[in-house]
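Student: Spelled out from the first residue to the last, the chains are:
2 protein chains.
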Amino acid sequence: MEEDRISIDEFRKIKLRVGKVVSAEEVPNSSKLLKLIISFKDEQRQVVAGIKNHYKPEELVGKKLIVVFNLKPAKLMGLTSDGMILAASDGEKLSVLTVDKDVDEGSYVS
Amino acid sequence: MEEDRISIDEFRKIKLRVGKVVSAEEVPNSSKLLKLIISFKDEQRQVVAGIKNHYKPEELVGKKLIVVFNLKPAKLMGLTSDGMILAASDGEKLSVLTVDKDVDEGSYVS
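In order, the protein sequence lines correspond to chains A and B. Quick note: the first sequence uses our numbering, first residue 83, plus one each step. Quick note: the second sequence uses our numbering, first residue 83, plus one each step.
Bound-form chain A, shown alone:
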């Protein structure tokens, strides 16, 4: 519906960056959450993601993910998540977003 269309300026409020997973581990007592440390070259962030049913922690280490970088931090199971990784789901399968070719960690998405 046309009325739901957004402007390019609204889109540009969202900062998306490529981050490389430095470490990943299960969150104790959570059936869904993984705790990731993600590097953006100039800084590292802790990001908590509900993807445990689809990814093993060791599968994620070294992978380049796409992170909403300017989201207000959230608390999940007492852990701060400073950013949100993007993933696509068709209702059955879930995949994190990544880059097709290798670009440096910290790269901005537009």
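Everything labelled a hint here was simulated from the structure, so no lab data went into it. Careful: at least some of the hints might be erroneous.
No copy labels: a pair is met if it fits in one copy or bridges any two.
[What the hints assert, rightly or not] The list that follows gives simulated cross-link-like pairs (lysine-lysine, DSS-like), each with its CA atoms no further than 27 Å apart: (1) K138 to K95; (2) K183 to K145; (3) K95 to K154; (4) K145 to K97; (5) K145 to K157.
Assemble the complex: chain A is given as a structure, and chain B must be docked to it using the hints.
Tutor: Just chain B now, kept in the frame of chain A:
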């Protein structure tokens, strides 16, 4: 800076979907633009993208890309672009975003 942080509701205004490239061709008289037809299962969209210096058209066909799906259509070189593909750049290299595992075309990103 904290004051630039956005809420999850602001992020959710942006609809991102996985689309599969059906066809790709160079835009005549343009040094940068490719014209893509992208399928989302329930519909196809024409999207014009400034990635000609980084991708050959034939390299893109069949690839799953991430598209801002609810952006107001734009005109580029007289062609309507109904959506925008996401790409990451480190200033030198440019990569389109894609999925790490295969999910159905049309899948939503969150």
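Student: None of the hints should be skipped; say for each whether it holds.
Tutor: Evaluated hints:
{"no.": "1", "hint": "K138 to K95", "result": "neither (32 Å within a copy, 30 Å between copies)"}
{"no.": "2", "hint": "K183 to K145", "result": "both (12 Å within a copy, 12 Å between copies)"}
{"no.": "3", "hint": "K95 to K154", "result": "both (13 Å within a copy, 15 Å between copies)"}
{"no.": "4", "hint": "K145 to K97", "result": "both (19 Å within a copy, 24 Å between copies)"}
{"no.": "5", "hint": "K145 to K157", "result": "within (24 Å within a copy, 36 Å between copies)"}
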